[in-house]
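Colleague: The residues making up each chain are set out below.
Number of protein chains: 6
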Amino acid sequence: MRISARNTLKAKVKKIIPGSVNSEVILEISEGIEVTAIITKDAVQSLNLTEGADAYAVVKSTDVMVAVD
Amino acid sequence: MRISARNTLKAKVKKIIPGSVNSEVILEISEGIEVTAIITKDAVQSLNLTEGADAYAVVKSTDVMVAVD
Amino acid sequence: MRISARNTLKAKVKKIIPGSVNSEVILEISEGIEVTAIITKDAVQSLNLTEGADAYAVVKSTDVMVAVD
Amino acid sequence: MRISARNTLKAKVKKIIPGSVNSEVILEISEGIEVTAIITKDAVQSLNLTEGADAYAVVKSTDVMVAVD
Amino acid sequence: MRISARNTLKAKVKKIIPGSVNSEVILEISEGIEVTAIITKDAVQSLNLTEGADAYAVVKSTDVMVAVD
Amino acid sequence: MRISARNTLKAKVKKIIPGSVNSEVILEISEGIEVTAIITKDAVQSLNLTEGADAYAVVKSTDVMVAVD
Numbered sequence: 001m002r003i004s005a006r007n008t009l010k011a012k013v014k015k016i017i018p019g020s021v022n023s024e025v026i027l028e029i030s031e032g033i034e035v036t037a038i039i040t041k042d043a044v045q046s047l048n049l050t051e052g053a054d055a056y057a058v059v060k061s062t063d064v065m066v067a068v069d
Numbered sequence: 001m002r003i004s005a006r007n008t009l010k011a012k013v014k015k016i017i018p019g020s021v022n023s024e025v026i027l028e029i030s031e032g033i034e035v036t037a038i039i040t041k042d043a044v045q046s047l048n049l050t051e052g053a054d055a056y057a058v059v060k061s062t063d064v065m066v067a068v069d
Numbered sequence: 001m002r003i004s005a006r007n008t009l010k011a012k013v014k015k016i017i018p019g020s021v022n023s024e025v026i027l028e029i030s031e032g033i034e035v036t037a038i039i040t041k042d043a044v045q046s047l048n049l050t051e052g053a054d055a056y057a058v059v060k061s062t063d064v065m066v067a068v069d
Numbered sequence: 001m002r003i004s005a006r007n008t009l010k011a012k013v014k015k016i017i018p019g020s021v022n023s024e025v026i027l028e029i030s031e032g033i034e035v036t037a038i039i040t041k042d043a044v045q046s047l048n049l050t051e052g053a054d055a056y057a058v059v060k061s062t063d064v065m066v067a068v069d
Numbered sequence: 001m002r003i004s005a006r007n008t009l010k011a012k013v014k015k016i017i018p019g020s021v022n023s024e025v026i027l028e029i030s031e032g033i034e035v036t037a038i039i040t041k042d043a044v045q046s047l048n049l050t051e052g053a054d055a056y057a058v059v060k061s062t063d064v065m066v067a068v069d
Numbered sequence: 001m002r003i004s005a006r007n008t009l010k011a012k013v014k015k016i017i018p019g020s021v022n023s024e025v026i027l028e029i030s031e032g033i034e035v036t037a038i039i040t041k042d043a044v045q046s047l048n049l050t051e052g053a054d055a056y057a058v059v060k061s062t063d064v065m066v067a068v069d
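Residue numbers (full-length UniProt numbering), protein chains in the order written: chain A, 1 to 69; chain B, 1 to 69; chain C, 1 to 69; chain D, 1 to 69; chain E, 1 to 69; chain F, 1 to 69.
Hints should not be assumed to be uniformly reliable.
Pairs count within a copy or across copies, as identical chains cannot be separated in the list.
List time: in silico SDA-like cross-link candidates among lysine to any residue, alpha-carbon distance up to 20 Å [as the list claims (entries may be wrong)]: (1) Lys15 <-> Ala67; (2) Lys15 <-> Val68; (3) Lys10 <-> Ser20; (4) Lys12 <-> Ile29; (5) Lys41 <-> Arg2; (6) Lys41 <-> Ser30; (7) Lys10 <-> Ala67; (8) Lys12 <-> Ala67; (9) Lys41 <-> Glu31; (10) Lys41 <-> Val68; (11) Lys41 <-> Ile17.
Everything labelled a hint here was simulated from the structure, so no lab data went into it. Keep in mind the model is a prediction, meaning the values are calculated, not measured.
Next up, chain A with everything else stripped away, as it sits in the complex (with noise of 0.2 Å):
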């Protein structure tokens, strides 16, 4: 399936927080640059997503803020 959202970012799943309905997934997009995404508990079973597994960190660009010090 491709979808619309602008970016996807090769990852690698680094850590998993399970929580009551969402959890947190915490993705290595390359060397000492993660990204986190609050996914729904039952999206990471149904991904079968397990520490140090390939995957996709998706955002739509019009979630994408911009900023400068």
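Chain A is fixed; fit chains B, C, D, E and F onto it per the hints.
Modeller: For chains B, C, D, E and F alone, kept in the frame of chain A given last:
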């Protein structure tokens, strides 16, 4: 200002594509890793964004999805 | 690619309304049930979306609100 | 109250799964078509949501993504 | 219609700036406190929004970030 | 840090309700005007948020909906 959004990634502004209300901003996170943001035209101006400038890509963890092949 | 977004609804592309940065895509989920998406112009091109094509409407569960009369 | 979110789909509450801060609400849009929403526990209470009740799934058009096989 | 979005703030429409697909709507929440919304051009028409009209700014709690100096 | 999100509203932290992954933060924007945010538990800690502290409610303009009676 520090913000609750969990993902604040150092980046460089690679390209800015203006539109009538929104503009598309392409940010380089690291060698070969780009993120596309859509922000308002006014935000591009108020942040004085120019191509080559230092910036951050900021994304809430609830806006990051995870995908697998 | 399988994605953590909990809502992946089979649909048919009914109408595409292009804009300067974004385009409006009207998807028919089933007889008389339509969903409107706003995605980038580039996404419409990269997905080769045409009216009448099969597609999916994909929505994260945290982006669905519930209302009552 | 009428709202700018472009997608207001008639639905029936099929299931409610409570969590510590958020709750998962499964809505039936039509025969065999379900949408999952994650809303706050307080919102479930203030809307008096119960399984079998009439409701609407409300989604902004910028939160709908399009995917193809 | 009552909605699960936790933030429904009484406001007055101060300014409307139309675009090709989206329009910018500036809402005054109280003396000197303004909120900017970007909604579709069609939504502005279907809600018959005019400058000076009473309205509400509606935001899901998961879309509100917190920042500190 | 300055951010592209168009809405940065001065506020005071009125109440913090912790959850397993997320926490609910109630912000007072001005006399009688409150905004509820749901952010991660870690974000509450990393921003050292305490009840009574000065803060900002930050919302992207694409995340603000408009409603009318």
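Colleague: Hints first: check each against the structure and report whether it holds.
Modeller: Structure-based check of all given hints:
Taking CA atoms no more than 20 Å apart as the test, lysine 15 paired with alanine 67 passes between copies only; the shortest distance there is 15 Å, against 27 Å inside one copy. Only between protomers do lysine 15 and valine 68 lie at most 20 Å apart by alpha-carbon distance; the minimum there is 15 Å, versus 29 Å within a single protomer. Taking CA atoms no more than 20 Å apart as the test, lysine 10 paired with serine 20 passes in neither setting, with 27 Å inside one copy and 28 Å between copies. For the homomeric pair lysine 12 and isoleucine 29, the shortest alpha-carbon distances inside one copy (7 Å) and between copies (16 Å) are both at most 20 Å.
Only between protomers do lysine 41 and arginine 2 lie at most 20 Å apart by alpha-carbon distance; the minimum there is 15 Å, versus 23 Å within a single protomer. For the homomeric pair lysine 41 and serine 30, neither the shortest alpha-carbon distance inside one copy (25 Å) nor that between copies (25 Å) is at most 20 Å. Within a single copy, lysine 10 and alanine 67 get their C-alpha atoms only as close as 23 Å, which misses the 20 Å cut-off; across copies the closest is 9 Å, which meets it. Taking identical chains as interchangeable, the C-alpha atoms of lysine 12 and alanine 67 lie at most 20 Å apart only when they sit on different chains, with a minimum of 11 Å there against 26 Å within one chain.
In the homo-oligomer, the alpha carbons of lysine 41 and glutamate 31 never lie at most 20 Å apart, since the shortest distance is 27 Å inside one protomer and 26 Å across protomers. When the C-alpha separation of lysine 41 and valine 68 is checked against a cutoff of 20 Å, the pair qualifies only between copies, where the shortest distance is 16 Å, while the shortest distance within a copy is 34 Å. In this assembly of identical chains, lysine 41 and isoleucine 17 lie within 20 Å of each other by CA distance both inside one copy and across copies; the values are 10 Å within and 12 Å between.
Checked against the numbered hints given earlier, this structure breaks hints 3, 6, 9; the rest are met.
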